[in-house]
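Peer 1: Given chain P's structure and the hints, the job is docking chains Z and A onto it.
Sequences listed follow chains P, Z and A, in order.
Per my numbering, the first sequence starts with residue -3, numbered consecutively.
Per my numbering, the second sequence starts with residue 236, numbered consecutively.
Per my numbering, the third sequence starts with residue 11, numbered consecutively.
Some hints could be false.
Residues of chain A placed beyond 12 Å of chain Z at every Cβ, according to the derived structure [unchecked claim]:
{"#": "1", "residue": "L63"}
{"#": "2", "residue": "P73"}
{"#": "3", "residue": "P127"}
Facing chain A, according to a computed beta carbon distance under 8 Å, are these residues of chain P, among others [what the hints assert, rightly or not]:
{"#": "4", "residue": "G2"}
{"#": "5", "residue": "P37"}
{"#": "6", "residue": "A43"}
{"#": "7", "residue": "T100"}
{"#": "8", "residue": "T162"}
{"#": "9", "residue": "L201"}
{"#": "10", "residue": "L202"}
{"#": "11", "residue": "F297"}
Think about it this way: if two alpha-carbon atoms lie no more than 27 Å apart in a straight line, the pair counts; the simulated BS3-like pairs of lysine-lysine are [claimed, not checked]:
{"#": "12", "chain 1": "Z", "residue 1": "K371", "chain 2": "A", "residue 2": "K183"}
{"#": "13", "chain 1": "A", "residue 1": "K183", "chain 2": "P", "residue 2": "K306"}
{"#": "14", "chain 1": "P", "residue 1": "K306", "chain 2": "P", "residue 2": "K126"}
These are computed hints drawn from the structure, not numbers from a lab.
By construction, the Cβ of each residue, glycine as well, lies at the ideal position given by its N, Cα and C atoms.
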Amino acid sequence: MHIPDGFLDAKTAVATGALAAGGVGVALRQVRRQLPRRKIPLLGLAAAFVFAAQMLNFPVAGGTSGHLIGGVLTAVLLGPGAAVIVLASVLIVQCLLFADGGLTALGANIFNMGLIGGVGGYAIYRAVRKAFAGTRGVVMAAAFAAWCSTVAASIVCAGELALSGTVAWRVAFPAMANVHMLVGIGEALITALVVVAVARARPELLDGRAGEDAALGYGTVFVFGLLISCGLALFVAPFACSWPDGLDRVAQRLGFESRAASAPLVHSPIRDYQLPGVSSAAVATALAGLIGTVVVFALAFLLARWLVPKTSSD
Amino acid sequence: MSAVVEVKDLRYRYHDGAEALRGVSFAIAENECVGLIGPNGAGKSTLLLHLNGILPEQLEGAPTLSVFGEPVNRATLDRVRSAVGLLFQDADDQLFCPTVFDDVAFGPQQFGLNESAVAAKVRAALAQVGLDGFEKRSPHHLSRGEKRRVCLAGLLACDPRVLVLDEPTSDLDPRGKRELKALLRQIAATKIIATHDLELVVELCSRVLVLDRGVIVAEGPTVSILSNERLMLDHGLERPHILQHRHPH
Amino acid sequence: MRHDFLDRYGRLDSPVHRLPAGLKLVIALVIILTVVLLTGLTVWGFAALAGLLAVVALASRVPLGFLARRLLLLEPFVVGVAVLALLQPDGDRIFLLIVTKSTLCLFTMVLLSNTTPFAELLVALRRARLPALLITTLALMYRYLFVLVDEAERMRRARACRTFAKGRFGLWKVLGTVVGQLFVRSAERAERIYAAMCARGWK
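With the rest of the complex left out, here is chain P (with noise of 0.2 Å):
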C-alpha cells in the first residue's frame, strides 16, 4: 500500500505530510517523556524487525503470497507512539533505500500505516481488550484490530488518490476497500500467529505492556485522536457523505441542501460520472464492510480460542 510518486496532487501531499509530522511529532514526545533509556535501542531494532518480518512470504495460492505490514503488532508490542516511530523509520528507510513509496508521498504513507493503522488499530485493540481478558483477548483484540486497520488505512489511501483527481472514488473506494477486507485477513491471522508466539516465548514482553499502555498522557490521546479524526475528515468524509444519492432526495425534499458544499476542501468528487453498476459498487463494497467486520469479529474469537490453549489463558 505504499503510494508511489506522483499520484497525489499538492494539496493532498501537504496535507497528509503535514498529519504526518504533526503525528510523529507527537510520538516522539510521547517517547521521550515515556520511554526507558534501555528501550531506546529496542526502536531502531523493531523497525528492522518490522522490514525483516515484511519480506517474509506466507503463501496463499498459485504465486500470491501474503505479507505482514505489521502496524498493529508493534503497537501491541510497544505502544502507540512507539509503533509511530518504528514504523515512520521503516517508511523512510523503504523510500530513501529502496523507492519504494515516493517521496512526496512519505506523508501519506506514514498517515495511512503509522496513524491510521498503528494508532487507530491499537485504539481498536484496547477497546477489545477491555471487554476480553487474557492471552485470548489480546490474540482476539490483535487480530481484529490489525483486520480493521489494514481496510481502514485503504480506505484513507483510496480518499487520498481521490481527492487528488487521480482515481474516482467510485472505483478507488471498492477496489482499494474489497481488496484489503482479503488482505487484512491475512495481517489479522499473521499478527495472532506473532502474538502467539511471543506470548509463548517470553510473555513479560507482552505483560509488560499493560501498565505502560496506561500511562498514555491524555494530552497524547487527544492529539492522536484529532490527527486521526482530521484526516478522516478531509479524505473520507467528503466522499462517504456524497455517495448516498437517495439521501439527497431526501435532504431536498426537507429543504437542506446538498451536502457536498459544506465541504470547502472538496474540488471535484466525481459523482455524476455513471458507470454502469459503479456506483452500486461503492454501496455494495461498504455493506461488505459492515458484514465483514462482524464476521472477522467473530472469526478472530475463534481464532484466538483455537490458537491458545485454555490453561495458558488467565
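Peer 2: Just chains Z and A, lined up with the frame of chain P:
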C-alpha cells in the same frame, strides 16, 4: 604491587532467582594478563559485565568491586568506563553504528572530545588493529575477524588501562585467531580474557582463574593449572594439547 | 524477495557519487517536485527530464541493467494502481500522465539510493534538524536490518527443514513462530546493544 581490579565476595542473581555468582573474590595487578576459564554457564560473561559497571543494574550496596582503588558506583561509573574497555562476545551487538568510523568514534565522542581529536583517535585506533582505510566501510560487509577488530579499535580509541575480553576468538577462523592473538600481545594494558580457547590462554596469560558454577575453584600460574588434568576435567575443561609437549611460560 | 538490499553500488567512484549526499537529496526532491507539481509539463518537458536522468545514470557508472531491473521491479505497483485511473472521464490521459510522472520519480530515487551510502544520507538528515531520536532509530534500523533479514531467513530455512507442515496453514504457523522468535531475539539484542552503548560511556 597494587591491585588494579579487586573483587571481594561478588554475588549476583538472575531475574528468575538463579544464582549466577556466589561469592567471587580475586585481584588483578597492573599489566597482568589473566585468563578466566570454565565450563559454559559458569558465570564468566556475567562476571565480566560487572567489571565495567554494566551489572548489577542498580549500583548500590557494599563495594564489592573496585577499579584502580576506587569503588565502582554511580559516581565513579564514567571514570570506570573510560578506564575499563569491555569487548562483548557478539561483535554485532557492539558494532552498532552505520559506519566503521562512526563506531570507533562513539567512545571518544561520548567522553567529550572535539571533532579533530576524535578523528585522530579513530585513525590511530584503526591503524593499531591493522584496519587503516576502513573508516567508510559498512559493518555488514565486514568479515567476523574484521568486525572483532573494529570493536577492539572502538575500545582502544578510549585509551583504556584495562581490557576485558569476552571470548575474543570464539567465531574466528585460524587466521583470524592468529591475527587477534598477535594484536592482543602488542597492546599494553592489563588484560582479563574469558575464553574457551585454551591455546590462547597458554600463549598470552600468565595467570588463570577457573570459574565453575559461580565460584572460583582454582587460580594460579597458567601452566600448572592447565596441566592439572584432574582439575581440568572436574570443571568441564581439558588439558590443552599444546601443553603435552611444552613447558614454562 | 521484494527488496534487493545489497547496496552494492553505493560506493563506486563517479562524479555523481562524489557529490555531497545532502545536495543529491535536495536535487532529487526538486526533480520530483517539478515532475509532480508542474501541471503544464508537456511531452517535451518529460522527455527532457528523462534525458537528464539518463545522463546522470550514465555518469554514475552504475550498471544500466541493474538500474533497469530495480525500476522494473517497482513498475508493477505503479501500473497496478494507475490502471484504476482509466475508469473515469479523460482516464487515458490521466493514466499515461501518472505512469510517466511516477516512473520518472522512481528513476530519480533509484539513482539517488544507488549513488549515496545511507550513512551519508543520515548525516544530511541530521543536519536538516530531523529529531535525534528518529535519527538514532534510522541508524540502528539500517545497521541491523541486514542482520535481522539474514536471521529471519536462517530461521525460516531451519524450520522448513524440520516441519512437515500440513498444507498452507501449517506453514503459516511456522512462519508466524519465526516472526515471533525474530521479535524476541531482536528485543534481547536491543538490550545487549544498550549494554554495549553504556559500556562505551553513552550519555
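Peer 1: Would you mind marking each hint as holding or not holding in the structure?
Peer 2: Against the structure, the hints:
{"no.": "1", "hint": "L63", "result": "holds, 26 Å"}
{"no.": "2", "hint": "P73", "result": "holds, 19 Å"}
{"no.": "3", "hint": "P127", "result": "violated, 7 Å"}
{"no.": "4", "hint": "G2", "result": "holds, 3 Å"}
{"no.": "5", "hint": "P37", "result": "holds, 4 Å"}
{"no.": "6", "hint": "A43", "result": "holds, 4 Å"}
{"no.": "7", "hint": "T100", "result": "holds, 5 Å"}
{"no.": "8", "hint": "T162", "result": "holds, 6 Å"}
{"no.": "9", "hint": "L201", "result": "holds, 6 Å"}
{"no.": "10", "hint": "L202", "result": "violated, 11 Å"}
{"no.": "11", "hint": "F297", "result": "violated, 18 Å"}
{"no.": "12", "hint": "K371/Z <-> K183/A", "result": "violated, 41 Å"}
{"no.": "13", "hint": "K183/A <-> K306/P", "result": "holds, 19 Å"}
{"no.": "14", "hint": "K306/P <-> K126/P", "result": "holds, 19 Å"}
Consistency with the previously given hints fails for numbers 3, 10, 11, 12, ordered from lowest to highest.
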